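Chemist: Going down the list, the sequences are from chains A and B.
Count along the first sequence from 1, then add 5; that gives the number in my numbering.
Count along the second sequence from 1, then add 12; that gives the number in my numbering.
In case anyone wonders, no lab produced these hints; they're calculated from the structure.
Among the hints, a few may not be true.
Each computed DSS-like pair below joins lysine-lysine, with the alpha-carbon atoms no more than 27 Å apart [what the hints assert, rightly or not]:
hint	chain 1	residue 1	chain 2	residue 2
1	A	Lys176	A	Lys54
2	B	Lys146	A	Lys176
3	A	Lys176	B	Lys31
4	B	Lys31	B	Lys146
Which residues of chain A face chain B? A partial, calculated answer using Cβ under 10 Å [what the hints assert, rightly or not]:
hint	residue
5	Gly156
6	Ser219
7	Arg232
8	Val257
Fair warning: this is a prediction, and the values are worked out from it, not measured in the lab.
We put the beta carbon where it would ideally sit given N, CA and C, even for glycine.
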Amino acid sequence: MRIVVCIKHVPDTAEVRIDQERGTLIREGVPGILNPLDAHAVEAAVRLKDELSARTTALTMGPPQAEEALREALAHGCDEGVLLTDPAFAGADTLSTSYTLACAIRQMGDVDLVLCGKQAIDGDTAQVGPGIAAHLGWPQLTYARRITSLGGGTIEVERMTDYGNETIRAKLPAVVTALKDLNVPRLPSLVSRMSARRAEIQRRGAGDVEGERSMFGLDGSPTHVVRVFTPPPRGECAIFDGEPEQAAADLVRALKERRII
Amino acid sequence: MGLLIEHETCTLCGLCVEKCPYGALQQVGGRIRVTEQCTLCGACVEACPAAALSIEEGAAAAPESGAWRGVWVYGEHDDGRFHPVVFELIGKGAQLARALNCPLSVATAGVASGQMVSELTGLPVQSLYVAENKALGPYRDAPHARALATLVQRHRPEALLAGATARGRSLMPRVAVLCRTGLTADCTGLDIDAQTGNLLQTRPAFGGNIMATIETRRHRPQMATVRPRVMTPPSRRGTAVPALRRVPVPEPTSDHLVQVISRAVREEERVHLTEADVLIAGGRGLGGAAGFELLRELAETLGGEIGASRAAVDAGWIPYAHQVGQTGKTVQPDLYVAVGISGALQHRAGMQSSGTIVAVNTDPNAPIFQVADYGVVGDYRAVLPQLIRRLRQEER
Chain A
6 MRIVVCIKHV PDTAEVRIDQ ERGTLIREGV PGILNPLDAH AVEAAVRLKD
56 ELSARTTALT MGPPQAEEAL REALAHGCDE GVLLTDPAFA GADTLSTSYT
106 LACAIRQMGD VDLVLCGKQA IDGDTAQVGP GIAAHLGWPQ LTYARRITSL
156 GGGTIEVERM TDYGNETIRA KLPAVVTALK DLNVPRLPSL VSRMSARRAE
206 IQRRGAGDVE GERSMFGLDG SPTHVVRVFT PPPRGECAIF DGEPEQAAAD
256 LVRALKERRI I
Chain B
13 MGLLIEHETC TLCGLCVEKC PYGALQQVGG RIRVTEQCTL CGACVEACPA
63 AALSIEEGAA AAPESGAWRG VWVYGEHDDG RFHPVVFELI GKGAQLARAL
113 NCPLSVATAG VASGQMVSEL TGLPVQSLYV AENKALGPYR DAPHARALAT
163 LVQRHRPEAL LAGATARGRS LMPRVAVLCR TGLTADCTGL DIDAQTGNLL
213 QTRPAFGGNI MATIETRRHR PQMATVRPRV MTPPSRRGTA VPALRRVPVP
263 EPTSDHLVQV ISRAVREEER VHLTEADVLI AGGRGLGGAA GFELLRELAE
313 TLGGEIGASR AAVDAGWIPY AHQVGQTGKT VQPDLYVAVG ISGALQHRAG
363 MQSSGTIVAV NTDPNAPIFQ VADYGVVGDY RAVLPQLIRR LRQEER
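Let's have the full structure, built from the sequences with the hints guiding it.
Modeler: So this is what it looks like as structure tokens:
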């Protein structure tokens, strides 16, 4: 059994800088972390590894410093880290990103399961997981809150829908996207952190990934950011700090004036 | 311009025929043949192990003007009933269609029903397209994406909108890949560029700290998912119904099949956070699960649902389905009342677009007050009972 966890190195701060000319985000110089939802995908992979003696590969695409997220995944117990990094990959939207990741996964040859976090906290699109599944032509099991069984060539997952919960079963290989509900990620020990520091990360450029070059990066991205702006600020907050009875009365009056109630 | 096949290199393995989302490739008399169904999507080029397929240069140029026409709304439905966001998108879609001088239609997959048509009575919808195949069965992402992509390829709308529901956000990325086009997630604003006629798709990013306007210039359809409760449903006029256009689509291939084992709606877990007009949310400041009792009482008084911060969920006081924020749900009610929630960036990202925000907190410096319209500084145990009493008085 081979499991690939797709992860993203995301900025850990509200300080967002924009490349005004290209309309893309500048990630250099902003401290990064492993995308929090991806930590649940990593944990799921590591637990399955322990159960099924699977081989787990953490995979990301990004600038060289995205390596830090891979080291975090290794510290959590993944066996190896693969970084797709090349100027030709830069500026990729979700179609191009999922295409490039799918190419790398296909190239590995023997992958049974791909795990992703539901979405990344910088873009919040939730599109790369299903995109990978579509490019590979594999089934997808999104919004997973529990993996109920894995083996015999199938996976069964309990997932959250807009209407409640459902349990679905798919043939492997398949793509699963993880909700926070899936598990509680472990805290890596100092020892595993140190060995993750020293581990070798496999780097692959555009020349190493078998795929159509025209589908990589900015050129392979149908969507383009044409304008970035800060949302209009909300007005001042009216504070009621009197006695509870008075504060409640003032609040109800204010809400009535606004025709909220 | 077109798909090029090097017949000398071709091994007739048939992978391209299998992988073509549009059934545009056929093996005839020892050769692969391309039919006019081909959209130059490139799926076959990618699948060909012998590199015998290629797309001629210039094929990815600007879309032929007039070839892609009409605005479509994805008709998300459960047992034949459309999700509320469908009507909101019809409201916005009608505006866009007017600006483009083209028709607005609803498109879905499954089995067409009279109820679907009658639900669209009096709305500005010209046609209801239904990609039909009995084997589509209960909703599943992959086969439904394929059916919808087939519909798109046949009828070529210039824009396709869907609700940014859990389903829309799982389905649409698959449709976009099959159509080889762009998709913008979670839009809160849509407009037409007066000069180019392109769809301007505006969405929050980085937890709502910035807004980005995105265009899909050279690919069609232009696809976007749109947050529920942002757009306004149109009023119904008259008794006209859309023309029902049933489009038979191929049976889904077995390797894509996902089997639905059970679809349970457990009452205690049925949470309509994203659809609620009023949300009362509790955080760490409640001090325990019992604190939610007061919140439920307030929610009942105001006709609202219960939300929670990550801290309250992580403490085990309330199930995850209630969590608002970056790792939970993004909500946009008319009224959001945050009780004992300090307002970390991650929480604010999920609720700061709400209509009116009220915060109740003992700490006057809590960041939640930065996004609130009204703040009550005090202990919720004292404030909420007074608030409930007041509201009940108002009702009388």
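Chemist: For which of the previously enumerated hints does the structure constitute a violation, in increasing order of number?
Modeler: 5
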